[in-house]
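Chains as they are written, first to last, in numbering that gives the first Met the number 0: chain R, 0 to 269; chain H, 0 to 312.
Just to be clear, a hint being listed does not mean it is correct.
What the hints assert, rightly or not - Here's a subset of chain R near chain H, in silico, CB distances under 7 Å, partners left out: (1) Val49; (2) Trp163; (3) Asn165; (4) Pro166; (5) Ala190; (6) Ala193; (7) Ala205; (8) Ala206; (9) Asp210; (10) Lys226; (11) Ala232; (12) Pro245; (13) Ser247; (14) Leu248.
Stated by the list, open to error - Just a sample of chain H residues kept apart from chain R, beta carbon distances all over 12 Å, derived: (15) Val24; (16) Leu98; (17) Ala104.
No lab work stands behind these hints: they were computed from the structure. The model shown is predicted, which means the values in this text are computed figures rather than measured ones. Quick reminder that beta carbons are idealized off the backbone N, C-alpha and C, glycines included.
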Amino acid sequence: MRAFFLSVLILAGCSSPAGRPHGPTARRIVSLLPSFTEILFDIGAGDRLVGRTTWCDYPPAALAVPSVGDGIPPNIEAVAARQPDLVVLYNSGPNVTAAKQLERIGIRTVLLDLNRLEDLGPAARTLGRLTGREKIADSLAAAMDSLAARPPPSATASITFVVWDNPPIVIGRGSYLHQIAALAGARNVFADLAAPSAQVSLETIAARNPDWIAVLADSAVPPAFAKRPEWQAVRAVRDRHFLLLPGSLFGRPGPRSSQAVAELQRLLRK
Amino acid sequence: MKWALLVTVAVLALVASVAVGPAAVPLGELLRSDIVWNLRAPRALLAFLVGGSLGIAGAGLQALVRNPLADPFLLGLSGGAGLGAVLAIALHLSGPWALPLAAFAGALAALALVYRLGLIGGAALDPRILLLGGVAIGAFAAAITTAIVSLADASELRNAFLWLWGGLSSASWDAVLVILLYAPIPIAVLLAASRPLDLLALGEEPARYLGADVDAVKRRVYLAASLLTAAAVAVSGVIGFVGLVVPHLARLTWGHRHRALLPAAFVGGGALLAIADTLARTVVAPRELPVGVVTALIGVPVFTLLLRRWTIA
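Make a model of the complete structure from these sequences and hints.
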């Protein structure tokens with residue numbers, strides 16, 4: 000999950016205006032991002048999904064939808080074979096190319112930005128319009144908008160998200176995870192990095208001395224780098240102050256973002 | 000004089016890489032700081048040792064294959080190391096040392112294959128076949144690596160390439176100790192081959208007439224240089240340009256006598272990598288540049304200047 004998340008972060012730089020929805024209500028949809036799959040189920044359009052990525056593991060009903068691969072980059076023929084009348088893609092360079100190819104064979108596509116909390120509302124509204132579920136989508140969008148606009152509480156702990164350990168890559172303020180941390184009352188010590196993620200020196204992490212090291216992990220054991228000698232220079236590593244965040248909940252903005260905030264708050268209180 | 004200059008540069012590079020970093024450590028606390036003692040000092044030493052190993056290995060290989068393009072990574076080792084690392088992740092080998100050990104094993108496997116190919120025509124290691132075999136084995140390993148990365152389910156695999164270009168981020172006293180115990184043997188083998196390498200520059204036949212055991216020397220130099228590179232890739236990933244550019248710079252200043260050229264390539268390579276890593280850590284702080292970017296940014300302009308001097312001279 001970490002890798003998928005990382006690739007999303009890296010791709011987050013490229014954006015262009017989202018595709019303009021038009022035409023009839025979509026009946027057969029392929030979703031190429033786990034967040035879109037979650038939103039579609041949330042607004043009651045899950046039964047129209049005919050394709051998803053291997054990463055789309057929530058809600059459990061999504062697993063019954065046929066997978067069209069990992070989506071990085073999308074496998075055009077596998078997507079086309081599902082005979083969709085709408086393909087929803089995350090707005091990134093390779094996906095723009097894939098969308099053009101799909102349009103060329105007559106399949107309608109929509110490219111949506113989904114990098115930060117404030118992108119969730121517009122994405123939900125667009126998907127609502129495309130599926131004829133405007134009303135329920137608008138109420139989801141309103142909830143998402145108010146989460147994005149919620150003033151963060153004063154921070155009670157400091158945190159570093161380590162996306163990769165060698166070389167160390169951490170989350171900056173351009174990332175969705177930075178927003179989740181802020182809303183949960185945790186100060187990202189790399190808030191001065193404007194990028195979503197960046198390579199930093201281990202000594203910078205040690206000097207900034209976060210209370211917690213957060214990693215996206217699907218296991219309950221601390222990451223392998225916890226045992227590396229050079230990482231012992233970081234106090235939180237020495238004290239085994241790891242926050243192991245399930246990738247499915249924390250790795251993507253979506254209808255469960257407020258749940259992610261609450262879960263992080265709970266972990267920080269422990 | 001030039002030795003004094005080189006050693007001064009190397010010492011200054013080491014001092015700078017311990018004294019300077021993205022974290023502000025007051026000069027007075029330099030010797031007591033945990034960051035300096037456990038992160039900067041081992042990283043500076045490891046940079047010096049790895050850079051030196053790549054420099055001397057490159058000088059030895061260039062003399063062996065008599066090709067100015069020879070680089071320690073040209074002979075398939077980076078491909079083998081990458082395959083080893085990816086396999087370790089795909090097979091879920093965990094533990095703090097799994098990746099370096101797997102990369103080392105992969106590099107050794109590539110080394111053995113290329114060596115065997117090089118002996119295809121008999122006991123004499125054929126430099127042309129070494130070069131071609133190295134490129135071919137490297138490409139083959141890279142192809143398998145890419146296939147595993149794109150087919151396997153383990154999502155972390157996509158980041159395995161990051162590890163391969165990871166540079167010196169994983170430096171620790173353990174790694175320094177391993178290299179300090181390991182490197183002297185292949186380095187001694189290379190230094191002991193100085194005189195026959197000088198003769199080899201005249202061509203294999205003349206070298207034979209002048210009393211060099213050409214076949215044995217070639218085998219020893221190839222194995223020593225490759226074993227040094229395999230250890231370097233295990234602790235620091237693939238770092239380009241040091242093993243290519245430094246031997247040429249050393250040859251330009253010290254001439255073709257390997258007794259001087261090889262030590263100069265070691266000290267010069269160490270100094271270059273220590274400087275490059277210091278810049279990588281500090282220039283865009285708090286961010287960090289991949290060290291290979293900096294070695295190329297320093298190495299290539301120097302190399303071009305040098306080519307100019309060559310062609311004019």
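A quick look at each hint next to the structure:
1. For R/Val49, the interface hint is violated, since its Cβ never comes within 7 Å of a Cβ in chain H; the closest pair sits about 23 Å apart.
2. With 7 Å as the threshold, the beta carbon of R/Trp163 comes within range of chain H, its nearest partner Cβ sitting at about 5 Å, so the hint holds.
3. Interface restraint check: R/Asn165 against chain H, minimum CB-CB distance 4 Å, threshold 7 Å, status holds.
4. Contact between R/Pro166 and chain H, as hinted, is supported at the beta carbon level, the nearest pair being about 4 Å apart and thus within 7 Å.
5. The beta carbon of R/Ala190 comes no nearer than 11 Å to any beta carbon in chain H, farther than 7 Å, and the hint placing it at the interface is violated.
6. Hint status for R/Ala193: violated, given a least beta-carbon distance of 10 Å to chain H, over 7 Å.
7. Residue-level restraint check for R/Ala205 holds (minimum Cβ-Cβ distance to chain H is 5 Å; threshold 7 Å).
8. Because the beta carbon of R/Ala206 sits about 3 Å from the nearest beta carbon in chain H, less than 7 Å, this interface hint is met.
9. For R/Asp210, the interface hint is violated, the least distance from its beta-carbon to any beta-carbon of chain H being 17 Å, above 7 Å.
10. With 7 Å as the threshold, the beta carbon of R/Lys226 comes within range of chain H, its nearest partner Cβ sitting at about 4 Å, so the hint holds.
11. Given the 7 Å rule on beta carbons, the hint for R/Ala232 holds: about 5 Å separates it from the nearest Cβ of chain H.
12. At its closest, the beta carbon of R/Pro245 sits 14 Å from a beta carbon of chain H; the interface hint therefore is violated under the 7 Å criterion.
13. The criterion of a C-beta within 7 Å of any C-beta in chain H is not met by R/Ser247, whose closest approach is roughly 12 Å, and the hint is violated.
14. Violation of the interface hint for R/Leu248 is found here, the shortest Cβ-Cβ separation to chain H being roughly 16 Å, above the 7 Å cut-off.
15. Interface exclusion of H/Val24 from chain R breaks down, the closest Cβ pair being 8 Å apart, not more than 12 Å.
16. Consistency note on H/Leu98: stated as away from chain R, yet its beta-carbon is not over 12 Å from all of that chain's, at 8 Å minimum.
17. For H/Ala104, the shortest C-beta to C-beta distance to chain R comes to about 18 Å, beyond the 12 Å cut-off, and the non-interface label holds.
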